[in-house]
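So the sequences go chain by chain: A and B. Counting in the numbering used here, the first sequence tops out at residue 436, every number present. Counting in the numbering used here, the second sequence tops out at residue 420, every number present.
Incorrect hints may have been included.
Claimed, not checked - SDA-like cross-link-like pairs, simulated, lysine to any residue; straight-line CA separation at most 20 Å: (1) 293/B - 430/A; (2) 389/A - 305/B; (3) 337/B - 379/A; (4) 410/A - 321/B; (5) 334/B - 378/B; (6) 347/B - 410/A; (7) 417/A - 412/B.
Since the hints were derived computationally from the structure, they do not count as laboratory data.
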Amino acid sequence: MKMWQEKYEAMPREELKQLQSERLCAQVKRMYESVKLFRKRMDETGLKPSDIKGVEDLHKLPFSYKQDLRDYYPYGLFAVPMKDIKRVHASSGTTGKQIVVGYTDNDLGMWADCFARMLAAIGCDENDFVHVGYGLGLFTGGFGAHDGAVRLGATAIPISAGNTQRQIQTMIDFGSTVLCCTPSYAMYLGEAIEEMGLKDQLKLKVGIFGAEPWTEEMRAQIEEKLNLKAYDIYGLSEIMGPGVSFECEYQCGMHVNEDHFIPEIIDPDTGEVLPEGEWGELVFTTITKEGFPLIRYRTRDICSLTYEKCKCGRTFVRMRKPQGRTDDMLIIRGVNVFPSQIEEVLLKVGETVTPNYQIVVDRENNTDTFLVNVEMSEELFSDGSIKKIAAVEKSISDKLRSTLGIGPKVCLVNPKSIERSEGKAKRVIDKRKLK
Amino acid sequence: MFIKQLSIFVENKFGRLEAIIDALSKADINLRALSLAEAADYGVLRVIVNDAEKAKKALNDIGVIAKITDVVAVFLDDRAGGLASVLSILKNAEISIEYMYAFLGRTEGKALMVLKADDEAKTEKVLTDNDIPMLSQEDI
Chain A
2 MKMWQEKYEA MPREELKQLQ SERLCAQVKR MYESVKLFRK RMDETGLKPS
52 DIKGVEDLHK LPFSYKQDLR DYYPYGLFAV PMKDIKRVHA SSGTTGKQIV
102 VGYTDNDLGM WADCFARMLA AIGCDENDFV HVGYGLGLFT GGFGAHDGAV
152 RLGATAIPIS AGNTQRQIQT MIDFGSTVLC CTPSYAMYLG EAIEEMGLKD
202 QLKLKVGIFG AEPWTEEMRA QIEEKLNLKA YDIYGLSEIM GPGVSFECEY
252 QCGMHVNEDH FIPEIIDPDT GEVLPEGEWG ELVFTTITKE GFPLIRYRTR
302 DICSLTYEKC KCGRTFVRMR KPQGRTDDML IIRGVNVFPS QIEEVLLKVG
352 ETVTPNYQIV VDRENNTDTF LVNVEMSEEL FSDGSIKKIA AVEKSISDKL
402 RSTLGIGPKV CLVNPKSIER SEGKAKRVID KRKLK
Chain B
281 MFIKQLSIFV ENKFGRLEAI IDALSKADIN LRALSLAEAA DYGVLRVIVN
331 DAEKAKKALN DIGVIAKITD VVAVFLDDRA GGLASVLSIL KNAEISIEYM
381 YAFLGRTEGK ALMVLKADDE AKTEKVLTDN DIPMLSQEDI
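Chain A on its own, in the form it takes in the complex (with noise of 0.2 Å):
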C-alpha cells in the first residue's frame, strides 16, 4: 500500500531519532516559556532548557497528568494566544469535569495527515468515500476522521453518529466504501444491515474503528457482518485525538506517527522507562504541536511497544493493543466511566450516607450493558411506598445519566448484599472478556 508521506513514516531510524531530538529541544524551549505549570515543574527539578539535548534526555523531564488538565481548565495549559487557536476540543473527565483541548492551524493540519497516512495505510486514496460515523461535535472522533479524509482527498460523508436507519440509506445511496465508528456501534449496524437483508448493497472496503476496546472476535464478526476488512486506530484527545497510532494493512500493531508523538513504556509505579517489549503504563511527549503541547503525558494505558522493522516499510514504532488501565477508568459505550463518580452522585442522594453500590458491566449483543446495584437502606425506604422507592431510584438514574453522560440501569437491592472481599465491597464487574 501507499505512504502518505513516505519521507517521515519510512524514515531511517537514525535519522527519525535526530528529527526527534531537533523538534523535542524546540519543544521544550518553548514550552518553558510559555506554559507556566511545565516551567514550574523543571524549575522544581532544577532541568533548564538547555539540559535537554535530544530524545536520550527525554526520561529526565517531568511527568504531566490528566489532573493538570483539570486544575487549569480551560484554557491554562496552552502555548500559544488564543486568537492562534482555530478549535477546541473536550472530553469527559472523572468529576463530570470535562477538559479542553486546543489546536492552531499547523496542529490541525498534522492531525489531518496522521488521519490521512492511516487511510493511504489500508488502501484508501482519492476514489474513496468515507463514512463518517463518530460523533461530530466537542468529540475529536468526528472531525479528526472527517479532516483526514479531506486531506487525503477522499470524499467525506460527515453523517455524525446515531440515526441507524439513515446512517445504512446513506451508507448504499452515497456508496461508502469507508466506515469510521466505534466497534460496537459497527456491531450494532452489521446486526440491522443483516436484518434488513442489505448487505450485497454495501460497497464498503475497510472500516477504522476505536475509542473503545474490542476483541479480534468482534473484529471477525464486523468483517463477517460488514463486509469489509476492519482496522484498529488509537488516539486520545490530550494528544491529539484518533490517529496518534493507526494499524498498517499487516495489522501487527499500531505504528506510533513518531515525527510528532514520542510514546515511552514506564513503570506506573516508580516511574522508570521499562525496555522494549515490557509492559507498562504508555506516556506520551508531543514534539510538534503548538496549541496544546504536552511533555510526557501519562496516558493510565497498560502497552508495550516493538521497534521491529514493520513488513509494510514503515519504521515507526508499534504499539499493541492496550491492555487495561493503571487507574480504575472503565470505558463503557465510548465512555470513560470513573467509579467515584457514581459513590459522588449516591452521597447526594442519600444525604448523609454513601449507599453501598457495585457497577456490574457486560456486553450483550456486543453493545456493553451498565448496571448499578444499590443497597438499600432505612433512608431510601423512608415511608415504606413504592412512589418512595421510584423517586429514589429514577433519581439515582438521572443523575448518573447527566454526570457520566451515559445511563445505567439502576436496581436497588438488599443490605450487605453486595460482595464483599476483606470487608470492602467489590466495586467493579467487568464481565467483558476483551483480553
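Please build the complex by placing chain B on the supplied structure of chain A, with the hints as guidance.
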C-alpha cells in the same frame, strides 16, 4: 384506632419472597392481611401481623428492610355497597386513599379492609365520627 403495618422491601430476585415468608414463619409470626405491590425491579410486601416489632427484627436479621407504618382497618358490611359507603364518607372529607387491601378471613357478616390514606389522623377521626368500626391492635 390504628394498627401496625409492616412494609417490606422485596428485591427482585428468585426466591426472595419465599425467604421473607420463611423468616416470618420461623419467628412464629402469623400473617393476618397481606398485599404485594410490584414495580419493575423490586416489590413491596405489606403485611399485618400479630407482632410487628418481632417480625421486623426477624426480617432485619436476614438482611431485609422493613418499615412499620400506622394504618386503619375498617369493618365493612359484607354486602354490595359496603365499601362504597365508607369510601364516600372519606371522599366527602377530602381524604385520598394511597392503597388498600383486604384482610384474610373475616367476622360473620363483616369484611375487613386495611386503608392507607394521605392523612392518617383525619381518617381515624372521620371514621370514628361516622361510627365506622375499626380493628384495634389488640384484636389482631
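Now the hints, each set against the structure:
About 19 Å separates the Cα atoms of residue 293/B and residue 430/A, which keeps this hinted pair within 20 Å; it holds. Simply put, residue 389/A and residue 305/B have alpha-carbon atoms about 28 Å apart, too far for the 20 Å limit, and the pair is violated. With a CA separation close to 13 Å, the supplied pair residue 337/B and residue 379/A stays within the 20 Å bound. Note on residue 410/A and residue 321/B: the hinted pairing holds, with a Cα-Cα distance of about 10 Å set against a maximum of 20 Å.
A C-alpha spacing of about 26 Å is found between residue 334/B and residue 378/B, which places the hinted pair above 20 Å, so the restraint is violated. About 26 Å separates the Cα atoms of residue 347/B and residue 410/A, which puts this hinted pair outside 20 Å; it is violated. For the given pair, residue 417/A sits about 44 Å from residue 412/B by alpha-carbon distance, which is inconsistent with the 20 Å threshold.
Consistency note: the structure conflicts with the earlier hints numbered 2, 5, 6, 7.
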